[in-house]
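Participant: Chain A is already provided as a structure; the job is to place chain B on it using the hints.
There are 2 protein chains.
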Amino acid sequence: MSTINRRTLIKASPLAVAGAGAMLASQGSAEAKQAGPAKRRDRYGDWSAVTYLPLVSQKQYKENEKAVRAKPYAAHLDADLSVPSLAAAKIASGPLDPSQVLTPSAENLNRLIDPAYKTPDNGYAVLGDQMAYAQSRIVMPNVTTEMFKWWFTWHPIEKERYMLWFPQSHIDNSVEDPARLANSALSYEKRLFGNPNRIQEWIGPTRLDSIIHFTDPGELGFDTDKLRRLGFTASASGVCYATPMPDIPFTLMVHVARDTKAGMELLSRYWIGSHPDLARFHNAEKAPDMLRHIGFNEQVAELTAYEMSVHDLTEWNHLARILPALHKAFS
Amino acid sequence: MSTINRRTLIKASPLAVAGAGAMLASQGSAEAKQAGPAKRRDRYGDWSAVTYLPLVSQKQYKENEKAVRAKPYAAHLDADLSVPSLAAAKIASGPLDPSQVLTPSAENLNRLIDPAYKTPDNGYAVLGDQMAYAQSRIVMPNVTTEMFKWWFTWHPIEKERYMLWFPQSHIDNSVEDPARLANSALSYEKRLFGNPNRIQEWIGPTRLDSIIHFTDPGELGFDTDKLRRLGFTASASGVCYATPMPDIPFTLMVHVARDTKAGMELLSRYWIGSHPDLARFHNAEKAPDMLRHIGFNEQVAELTAYEMSVHDLTEWNHLARILPALHKAFS
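Just so you know, the protein sequences line up as chains A and B, in that order.
The first sequence begins at 1 in full-length UniProt numbering and counts up one residue at a time.
The second sequence begins at 1 in full-length UniProt numbering and counts up one residue at a time.
Okay, chain A solo, but in the shape it has when bound:
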């Protein structure tokens, strides 16, 4: 599998995503070569409208629209989702080879931020029989880490703010200590970390009810000196717990961000389920039985991984669009 340098803004080669179309044009018979039409990738641009929404999201949007209408930020509710065409095509072309995907060890957290580490910008995979995995790297023009940090202290205060982020899929959001989250006398880290955030959202057709414990990246396994050295000045990473089983960790989620000349660069990772490399988190040994109990098998993991990848692609690109104006108006 070809890798894409995630340090520079390159378009993936059309060959890499056109798949059979391009391959067959060079591997077919002479006859076929003569008969073959020109491929028309130019039919669509760099950005595509999102062409599919689960029924639950179609319905959720109607509820969310009503809820947001009375809010001062109502004008920022934008139903018009779009994603980079090549990223969507890359994900829809199938999973990454699991052998090329990083497992959730502390060592690997530090590897994924390493300039020498190469991996496709977007992708999903199944790791073993109990883990869904998704990865992304998104560069957001006109967005800064300052806006990103503001967003994570501002949006959990009202569920309608959370709805702006993904108007068709976000349902509800609340935080344990809203006063602390809103206290601008404290640092970003003091406001967000150790202040559990309960979210409810649709991941594809499935409702996720989860508690995110945003945590200092050092506690998750990152070398904080290395993060700092490489310019990653913002993190909204943590361990997630299913709301009905709030003491068993089932997801390690990474969002680390830095400012670049092209805009904010965000690296995201989702390790959902159970894996030996999560043993450093309290009660991780209880996850395999819990997952078996709720029917989380390899097939569910595969669907979760792809849907998580699509969800991530959609919500972060949407936030990138709306965040500069929101920040300007409400920060």
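One copy or any two copies: either way a pair holds, since identical chains are not told apart in the list.
Cut-off 30 Å, straight-line C-alpha distance, at most; resulting in silico cross-link-like pairs (DSSO-like, lysine-lysine):
(1) Lys118 to Lys59
(2) Lys62 to Lys118
(3) Lys62 to Lys159
(4) Lys328 to Lys159
(5) Lys190 to Lys71
(6) Lys328 to Lys66
Quick caveat, the hints were computed from the structure, so don't treat them as lab data.
Since we're looking at a predicted model, the values are computed, not measured.
Facilitator: Using the frame of chain A, we list chain B on its own:
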């Protein structure tokens, strides 16, 4: 609900599909009006890459690519799907109001081709508790009804030809009397009609195994004089039967086409399930019990309707892209 004149090639109003985004810009508070960012529909173009493919389709493509590779038309296998952005957004904005949708009576078949009848180009709905419904109107530049008729006599001869049409979702295809279908001494109608076509394909995540009985449109209820008068010179319409229950009709499918200055205009309708207006078809009274038996309820109907609408939008726009070159090379 606003209607779109289907006789002319107009873009749907951005207001109609932007939904809350545009509405709220005019209904929000004065504060919000000032704060509101410009909507960025220009982020994507008229055409979008298909941004979501069910896992089964991602896997199916790998099989199909192998199967088509050795065929003389291998160069025409194109994995690069795209759809009109506004049509996809329209479908993803929710179902049509069932009261505005035509039921499958003979009278309504003639109404849908009537120049005075207005309806959105694309949409889906649930009619009662046992019927999924999808509609589309697609104008295909550079495509003619002659190519369309050629396609329906050419592609069912080999399943790999059928795969070209929707490389990620078409599985298998066969026809009862291939010699008759291939006999160019006969008319299109004599070759296709009364020559059952078994298809297997993914409609969203669900495998459909069905037998299509393509039939003279007059037998389905169309006024053939009216069709002719309005220029509809091609039909690939018929009644469909689930392969395991091949004597119970469960779908009325309409594809009627005519040549226009802008290209071939195709009107498509899918009435899937059971409805009193299908009583004119033999054994239709057996459908309700059969559908109950297989668990086809209102919820399944809704999913089927949306998935059918997405499938239709994808496969016909893809065929429109590949058909002119295929026809030129193989007719």
